[in-house]
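2 protein chains.
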Amino acid sequence: MRVPGSSPGRGEERDGSYTITLMLLTRITGCCGKGGGQKGDHFVDYQRNIFCEPQKPNMTENGLGHRERVLNVDTMNPNVKRIEYAVRGPIVQRAVQIEKELKEGVKKPFTEVIKANIGDAHAMGQKPITFFRQVIALCVYPDLLEDDKFPEDAKNRAWRILQACGGGSLGAYSASSGIEVIRQDVAKYIEKRDSGIPSNPDDIYLSTGASDAIVTMLKLLTSGEGKTRTGVMISIPQYPLYSAALAELAAVQISYYLDEDKCWSLDVSELRRAVKAAREHCNPRALCIINPGNPTGQVQNRQCIEDVIRFAAEEHLFLMADEVYQDNVYMEGCQFHSFKKVLFEMGSEYSSVVELASFHSTSKCYMGECGFRGGYMEVINMDPEVKLQLTKLVSVQLCPSITGQALLDLVVNPPQPDEPSYATFIKERTANLHILSEKAKMTEQVLNTIPGIHCNPVQGAMYTFPRLTLPEKAINAAKEQEQAPDMFYCMKLLEEMGICLVPGSGFGQRDGTYHFRMTILPATEKLKIVLEKIREFHKRFTEEFS
Amino acid sequence: MRVPGSSPGRGEERDGSYTITLMLLTRITGCCGKGGGQKGDHFVDYQRNIFCEPQKPNMTENGLGHRERVLNVDTMNPNVKRIEYAVRGPIVQRAVQIEKELKEGVKKPFTEVIKANIGDAHAMGQKPITFFRQVIALCVYPDLLEDDKFPEDAKNRAWRILQACGGGSLGAYSASSGIEVIRQDVAKYIEKRDSGIPSNPDDIYLSTGASDAIVTMLKLLTSGEGKTRTGVMISIPQYPLYSAALAELAAVQISYYLDEDKCWSLDVSELRRAVKAAREHCNPRALCIINPGNPTGQVQNRQCIEDVIRFAAEEHLFLMADEVYQDNVYMEGCQFHSFKKVLFEMGSEYSSVVELASFHSTSKCYMGECGFRGGYMEVINMDPEVKLQLTKLVSVQLCPSITGQALLDLVVNPPQPDEPSYATFIKERTANLHILSEKAKMTEQVLNTIPGIHCNPVQGAMYTFPRLTLPEKAINAAKEQEQAPDMFYCMKLLEEMGICLVPGSGFGQRDGTYHFRMTILPATEKLKIVLEKIREFHKRFTEEFS
Numbered sequence: 088m089r090v091p092g093s094s095p096g097r098g099e100e101r102d103g104s105y106t107i108t109l110m111l112l113t114r115i116t117g118c119c120g121k122g123g124g125q126k127g128d129h130f131v132d133y134q135r136n137i138f139c140e141p142q143k144p145n146m147t148e149n150g151l152g153h154r155e156r157v158l159n160v161d162t163m164n165p166n167v168k169r170i171e172y173a174v175r176g177p178i179v180q181r182a183v184q185i186e187k188e189l190k191e192g193v194k195k196p197f198t199e200v201i202k203a204n205i206g207d208a209h210a211m212g213q214k215p216i217t218f219f220r221q222v223i224a225l226c227v228y229p230d231l232l233e234d235d236k237f238p239e240d241a242k243n244r245a246w247r248i249l250q251a252c253g254g255g256s257l258g259a260y261s262a263s264s265g266i267e268v269i270r271q272d273v274a275k276y277i278e279k280r281d282s283g284i285p286s287n288p289d290d291i292y293l294s295t296g297a298s299d300a301i302v303t304m305l306k307l308l309t310s311g312e313g314k315t316r317t318g319v320m321i322s323i324p325q326y327p328l329y330s331a332a333l334a335e336l337a338a339v340q341i342s343y344y345l346d347e348d349k350c351w352s353l354d355v356s357e358l359r360r361a362v363k364a365a366r367e368h369c370n371p372r373a374l375c376i377i378n379p380g381n382p383t384g385q386v387q388n389r390q391c392i393e394d395v396i397r398f399a400a401e402e403h404l405f406l407m408a409d410e411v412y413q414d415n416v417y418m419e420g421c422q423f424h425s426f427k428k429v430l431f432e433m434g435s436e437y438s439s440v441v442e443l444a445s446f447h448s449t450s451k452c453y454m455g456e457c458g459f460r461g462g463y464m465e466v467i468n469m470d471p472e473v474k475l476q477l478t479k480l481v482s483v484q485l486c487p488s489i490t491g492q493a494l495l496d497l498v499v500n501p502p503q504p505d506e507p508s509y510a511t512f513i514k515e516r517t518a519n520l521h522i523l524s525e526k527a528k529m530t531e532q533v534l535n536t537i538p539g540i541h542c543n544p545v546q547g548a549m550y551t552f553p554r555l556t557l558p559e560k561a562i563n564a565a566k567e568q569e570q571a572p573d574m575f576y577c578m579k580l581l582e583e584m585g586i587c588l589v590p591g592s593g594f595g596q597r598d599g600t601y602h603f604r605m606t607i608l609p610a611t612e613k614l615k616i617v618l619e620k621i622r623e624f625h626k627r628f629t630e631e632f633s
Numbered sequence: 088m089r090v091p092g093s094s095p096g097r098g099e100e101r102d103g104s105y106t107i108t109l110m111l112l113t114r115i116t117g118c119c120g121k122g123g124g125q126k127g128d129h130f131v132d133y134q135r136n137i138f139c140e141p142q143k144p145n146m147t148e149n150g151l152g153h154r155e156r157v158l159n160v161d162t163m164n165p166n167v168k169r170i171e172y173a174v175r176g177p178i179v180q181r182a183v184q185i186e187k188e189l190k191e192g193v194k195k196p197f198t199e200v201i202k203a204n205i206g207d208a209h210a211m212g213q214k215p216i217t218f219f220r221q222v223i224a225l226c227v228y229p230d231l232l233e234d235d236k237f238p239e240d241a242k243n244r245a246w247r248i249l250q251a252c253g254g255g256s257l258g259a260y261s262a263s264s265g266i267e268v269i270r271q272d273v274a275k276y277i278e279k280r281d282s283g284i285p286s287n288p289d290d291i292y293l294s295t296g297a298s299d300a301i302v303t304m305l306k307l308l309t310s311g312e313g314k315t316r317t318g319v320m321i322s323i324p325q326y327p328l329y330s331a332a333l334a335e336l337a338a339v340q341i342s343y344y345l346d347e348d349k350c351w352s353l354d355v356s357e358l359r360r361a362v363k364a365a366r367e368h369c370n371p372r373a374l375c376i377i378n379p380g381n382p383t384g385q386v387q388n389r390q391c392i393e394d395v396i397r398f399a400a401e402e403h404l405f406l407m408a409d410e411v412y413q414d415n416v417y418m419e420g421c422q423f424h425s426f427k428k429v430l431f432e433m434g435s436e437y438s439s440v441v442e443l444a445s446f447h448s449t450s451k452c453y454m455g456e457c458g459f460r461g462g463y464m465e466v467i468n469m470d471p472e473v474k475l476q477l478t479k480l481v482s483v484q485l486c487p488s489i490t491g492q493a494l495l496d497l498v499v500n501p502p503q504p505d506e507p508s509y510a511t512f513i514k515e516r517t518a519n520l521h522i523l524s525e526k527a528k529m530t531e532q533v534l535n536t537i538p539g540i541h542c543n544p545v546q547g548a549m550y551t552f553p554r555l556t557l558p559e560k561a562i563n564a565a566k567e568q569e570q571a572p573d574m575f576y577c578m579k580l581l582e583e584m585g586i587c588l589v590p591g592s593g594f595g596q597r598d599g600t601y602h603f604r605m606t607i608l609p610a611t612e613k614l615k616i617v618l619e620k621i622r623e624f625h626k627r628f629t630e631e632f633s
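For the protein sequence lines, the chains are A and B, in the order given.
The opening position of the first sequence corresponds to residue 88 in the working numbering, with each subsequent residue numbered one higher.
The opening position of the second sequence corresponds to residue 88 in the working numbering, with each subsequent residue numbered one higher.
Extracted from the complex, chain A is given alone in its bound form:
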């Protein structure tokens, strides 16, 4: 759902999404994708400009008679149909296909596809933190506790985790909110991070990555119908998990725009505009912030966070702070401030009333352990009865992966200065963050030397979201192919250069502006190649369509 009358959000920006894929799979007979269709119809995939094999028709004939499938696009959950998720959308599927074609020996103007579409550090060559993997290996196969090759602190840590597991095994379920010892460690980590502001383990819920916890919170918050339906404020550009979850829950997306001209900063007057317009049509109940920003790479300053908290208090909004990039701050003068810390420093007038859920994950920062699906959320000022409901809700899925929980424990409780693994740990962490910082600077610098591309500083997180000047002819060519202009651009970049980026339209952007999201994660030498290929492509593209 979109708030009618509010500024356009993701509703209009359908490219880079499956919605458009399905639209593009229009039958060449001209009839639209809905309903049965005739046996043996061919599909044309305009994006790939190829004919597809006839699909198994939706209508079947046998002794049971001609009939439609029980589950087809007309009968399926309409909320699921509305979901869009560009980060893994058609451009990525095409990239995977091109990789297969390269393997099969198909000649291309490049020898490998470089994927800068997703914040997946290990896939881009970043190495795991040794200590983390040692402890998890010890937990997985405790016979190794006898092995001299493992440092004592790794063994102690593994032993402690195993003691907290049912039957001393990672194979047992944990409490649904997570292993108690780990929730205690998370609370201590938060207290230390937030200069001693107390954290209660009972407010910590471990999760399957941060995504899981974010969806759970949005689920709890969604109620009402029509004008009383829950509205949730999300930034534009946004990380499409938010719009996807809201679509699935049939909650109302309220878009507020970040200010590209001011380094993607958040202006409270824009929040006010958005919430005011939304109140005409829905019941705004939550405000989501991603800091450091995804896809825009900005880091919010303390004043801005205070303003946001004051706004949430005044407008009676539940705050959701997505802080999974809390260690990814590169720019001098920038610093990560947690919403919780700022809230409590504003005094009890605010800290006793503002409801807040903040999210963290093992997938980003210096460790990048996406595959372990570890994460947590901390809830502040949550109604105790709602907490019971939350505990019940998460219990239906039994518990998050125990290896993910164990890895999270190491992230929040890394080697200490008096422990044997400390030096190596610090060296690895520092190196990872240092390289990210260098790549953030390099990305900004190089992109800003390309005529027709403008890039804000990558203050934090793992992404840049540069703005593209596209020739009018290219925009028209894209429209002819029913593609968003930046999807058209990115698809050509992929086909011609083997570089996989995500079009800005997959994240939302102001009408008439065009962007892409690119991660800064490829190894330095590879990142240089990516940037030079973008330079070459952008020049050629501009010439071709001018």
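Hints may be right or wrong, so weigh each one.
Mimicking PhoX-like on lysine-lysine, the simulated pairs with C-alpha atoms at most 20 Å apart in a straight line are [unchecked claim]:
| no. | chain 1 | residue 1 | chain 2 | residue 2 |
| --- | --- | --- | --- | --- |
| 1 | A | Lys242 | B | Lys236 |
| 2 | B | Lys187 | B | Lys579 |
| 3 | A | Lys560 | A | Lys579 |
| 4 | A | Lys620 | A | Lys579 |
| 5 | A | Lys236 | B | Lys306 |
| 6 | A | Lys214 | A | Lys613 |
| 7 | A | Lys236 | B | Lys242 |
| 8 | A | Lys579 | A | Lys187 |
| 9 | A | Lys306 | B | Lys306 |
| 10 | B | Lys428 | B | Lys528 |
| 11 | B | Lys279 | B | Lys428 |
| 12 | A | Lys626 | A | Lys560 |
Honestly, the hints are just simulated from the structure, not real lab data.
For this one, chain A is given, so just place chain B on it according to the hints.
Same frame as chain A, now just chain B:
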């Protein structure tokens, strides 16, 4: 939602659930739990018969004025409120509390709580399969590939998995449907299990345990409003994941009863009765079967599966086959038949039209690796456009845990006869299944010697669901405490004997009948104690209330 006029399902059976917990948290002032309440109210928890600390009131006063929380029980998602999940309900929470009290030195008539409430083999002392853990440890910490202590086949398997991971690391995301090599291995496993009936890796979706995939399928199937709202047939007794998911999705639960007098078998005439009644009020679109059965431990025979498939075809229902206990068959003469195999053996009249999703998991069978949250589903005859939508839907959560995926790979591709780990693997697997089989028999035998308890054979899975004869006085005493009689019984059993079971009311049962679900997982000596304690308690309970 419940179908009005249909036989009573879980709707009435609210004990063993959080709904009742919240009801019991009635303020002693007499006002019901809804709304604001006064600051400083005390709560009484009748279940535990104790007074609780005043909870933080929902109304807050500060510079921002008196007001309710944004998120409270009145404003939260009403579908979430309707969810009930007994397996982790109040009785388990009380068990955890009692364990803490024991640790703190509180005197009880027992020294430990034995939890037979959940199918969690490792928590009950079952040891992991050595080969599985070796391979996962090697994947987690690949330095171990140099280690002589690991067998070559474990190293080869680890190497193969790592090659299929982004950047050769378990820390990278996979494709959202799972690592391709593993999906291929799953397909091969299914083909072998089903005597060569082909399986396509593109029909396999890896998942976070089976629960995740089951909820995803139910989500896809849910649409419509009022009389066109999707109805889903589930057995009574059922595993409460199903009722919980349907409540959350606001889909209509259509209850069909298993026949306790015929060893919990499924009778197609009961399916017909249920679907006919339901068509008056909703749109029945799916039929869920759990085989081997949870909580009832029956194994469906081939004829019955054929009948169910024919029924699904005739009634135009999507079939969901929960087959996570496929290796857990103990009784002579019983055999596991997969729905897929039976479907294809029935000929193309059925195999070309019946839509089927079947589910498997790493959590049960001989391995019991619940904590790894591995699982998969295979979809048969699914509309290709719906498959695109399914892929999109699962991509929003990025991917299942890679350690869970890797473990699943070992389950579907265990050591082969010519490999060094084969002998140990077979020994461990056989031992685990043999012990389960013995415990299944012992449980049935001992329970059936207790006057007032009747227990069907535990043909498969990991549970028994015996019927209790309860004295009228006990039933009245329970009602006075607003408890279901079997909740009253189980809570007393927990308090007096330290045995944690789940009341039958948490799974659904015919009105006026009472049961509990007990796992057969405690170690043999402990299981004997559990059974003798139940004998002693049941005698005492019967005397007390006669």
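CA of Lys279 of chain B to CA of Lys428 of chain B, is that 20 Å or under? holds (11 Å)
Next pair to validate is Lys560 of chain A with Lys579 of chain A; report whether the Cα-Cα distance is within 20 Å. Distance ~15 Å between Lys560 of chain A and Lys579 of chain A Cα, so the pair holds.
Pair hint outcome, Lys236 of chain A versus Lys242 of chain B [Cα-Cα no greater than 20 Å]: Since the Cα atoms of Lys236 of chain A and Lys242 of chain B sit roughly 18 Å apart, the hinted pair holds (cutoff 20 Å).
Straight-line alpha-carbon gap Lys242 of chain A to Lys236 of chain B, limit 20 Å: holds (18 Å)
Given the hinted pair Lys187 of chain B and Lys579 of chain B, is their alpha-carbon gap at most 20 Å? holds (18 Å)
Holds or violated: Lys620 of chain A and Lys579 of chain A, Cα atoms, limit 20 Å. Holds, at about 12 Å.
Check whether the Cα positions of Lys579 of chain A and Lys187 of chain A lie no farther apart than 20 Å. holds (18 Å)
Agreement of Lys306 of chain A and Lys306 of chain B with the hint, judged by alpha carbon distance not exceeding 20 Å: holds (14 Å)
Starting from Lys428 of chain B, check that the Cα of Lys528 of chain B is at most 20 Å away, please. Distance of about 28 Å is beyond 20 Å: violated.
Does the structure keep Lys214 of chain A and Lys613 of chain A at a Cα separation of 20 Å or less? Distance ~16 Å between Lys214 of chain A and Lys613 of chain A Cα, so the pair holds.
Hey, Lys236 of chain A versus Lys306 of chain B, does the alpha-carbon distance stay inside 20 Å? violated (48 Å)
For a C-alpha distance cap of 20 Å, please report whether Lys626 of chain A and Lys560 of chain A respect it. Holds, at about 15 Å.
The structure fails hints 5, 10 (numbered hints given earlier, in ascending order).
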